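Based on the sequences and whatever the hints tell you, model everything.
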Amino acid sequence: MTPSLPERAADTTADQPWPLRLLSMKVGDYIDKMSVVWVEGQVVQLNRRPGSSMAFLTLRDADVDMSFSVAIRVTALDAMPPLQQGARVVTQVKPVFWAQRGSLTLDARQIRPVGVGELLARIEYLKTTLASEGLFDASRKRTLPFLPRTVGLICGRGSAAERDVVENARRRWPAVRFDIRTVAVQGANAVPEVVTALQALDGTEEVDVIVIARGGGSVEDLLPFSNEALLRAVSAARTPVVSAIGHDVDTPLLDHVADLRASTPTDAAKAVVPDVRLEVATITASRGRMQAALGGRLRHERAGLAAIRSRPVLTAPGAYLSLQRDELTAGWARARSSLTRRLERERDRIEHLRRTARVLSPESTIERGYALVTTADGEVVTSPDQVGGGDLLRVRVAAGDFAATVADADDTRR
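Numbering (this note's numbering), first residue to last: 248 to 661.
None of these hints come from the bench; they were simulated from the model. Just so it is clear, the structure is predicted and the values come from calculations on it, not from any experiment. The reader is advised that the hints may include incorrect statements.
Here are the simulated DSS-like cross-link-like pairs (lysine-lysine), alpha carbons at most 25 Å apart as the crow flies [said to hold, decoys possible]: (1) K341 <-> K280; (2) K388 <-> K374; (3) K341 <-> K273; (4) K517 <-> K388.
Each pair of labels, with its calculated beta carbon distance range [claimed, not checked]: (5) L525 <-> R549: 32 to 40 Å; (6) L391 <-> R549: 43 to 51 Å; (7) V283 <-> D325: 48 to 56 Å; (8) T390 <-> V274: 52 to 60 Å; (9) R417 <-> V321: 47 to 55 Å; (10) V274 <-> R359: 27 to 35 Å; (11) Y567 <-> A532: 42 to 50 Å; (12) R572 <-> L552: 23 to 31 Å; (13) V283 <-> Y372: 22 to 30 Å; (14) V311 <-> Q332: 13 to 21 Å; (15) Q332 <-> V283: 21 to 29 Å; (16) K341 <-> S299: 18 to 26 Å.
For glycine and all other residues, C-beta sits at the position ideal for the given N, C-alpha and C.
Given below as structure tokens:
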């Protein structure tokens, strides 16, 4: 008896596996239950076989490298405007699983091109979203280097944009070096290829600035440069990025996220390298100003040195020293004479003061016969009231002093 198979995939084991046909049947049953769904993508390939009632196209995701094969009836395809490769469309599809091949395709019921108005509305919505996140803020903008070691250039292969950037940059600075990455600049492959090239250049140490360039085009042509995945990759890059997409009238969202917007690829070349002729002229002018300033300073210093050398002290130092010696001798004589006169005046004044002091001093009075009488306590006696009978007094005369005793105080009073 054949053992029963597990009903659920989770119940399978190495001992009880599903046959491949059962897995295919299960997958087909699940997909068949899916309803019709509207999807959006870009047409990258369209095949119409003569005599066939079906046409086949490859629909690719606009942001990532993912695609599906789509089948549509020729009658439905002929009923709509012609599809161009790279066109963005929305299509109503029913997933179909082919069990024998194990492949999944999409059976298209309707295909509608995405109109320019709708694309612009989506771009405007994305612009508002990114602006609210701060991706356009001036504070996020990085300064471009004055003279980059290597310029990274992302552009179409053999494009006029590549030629404009390279030729104009080398005309301005012949020694400039480029690391050029050629990519698809429109269509379904543009976004993944540009992002890959950007990340590769951003990881190259010698690359100091990256230019993303392409010529002008329609809204659909420039749509990759308003793609959210590309814009976020530019915002995350460490290397300054210059946007040089289209012409002045073209303003993809890359212009707002990049560190610098150049209106044309030629302007991008002017922005990333200096003009060697202008720099040489600037250096020459600066050198001329420096030489003029240095020459003026040297002339001024030479004139000052000549003035110093022309002074008498240097032209005839002996005469100068002789003059100084004479002046010193005369000054010394004047000082000595002045000092002598001053000493004589002071001597006379001192003598006058001494004579005056001698005349006014008690000693002079005593020498004329007067006596100085003091009590035992040293108090000068000037009145009979100060002494009494029997008091011991000290009497000083010109020749010396002696002691005296008051015999009768009353007899001394008048």
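Here is what the structure says about each hint:
no.: 1; hint: K341 <-> K280; result: 10 Å, holds
no.: 2; hint: K388 <-> K374; result: 17 Å, holds
no.: 3; hint: K341 <-> K273; result: 17 Å, holds
no.: 4; hint: K517 <-> K388; result: 18 Å, holds
no.: 5; hint: L525 <-> R549: 32 to 40 Å; result: 36 Å, holds
no.: 6; hint: L391 <-> R549: 43 to 51 Å; result: 46 Å, holds
no.: 7; hint: V283 <-> D325: 48 to 56 Å; result: 21 Å, violated
no.: 8; hint: T390 <-> V274: 52 to 60 Å; result: 55 Å, holds
no.: 9; hint: R417 <-> V321: 47 to 55 Å; result: 52 Å, holds
no.: 10; hint: V274 <-> R359: 27 to 35 Å; result: 29 Å, holds
no.: 11; hint: Y567 <-> A532: 42 to 50 Å; result: 49 Å, holds
no.: 12; hint: R572 <-> L552: 23 to 31 Å; result: 28 Å, holds
no.: 13; hint: V283 <-> Y372: 22 to 30 Å; result: 26 Å, holds
no.: 14; hint: V311 <-> Q332: 13 to 21 Å; result: 19 Å, holds
no.: 15; hint: Q332 <-> V283: 21 to 29 Å; result: 26 Å, holds
no.: 16; hint: K341 <-> S299: 18 to 26 Å; result: 20 Å, holds
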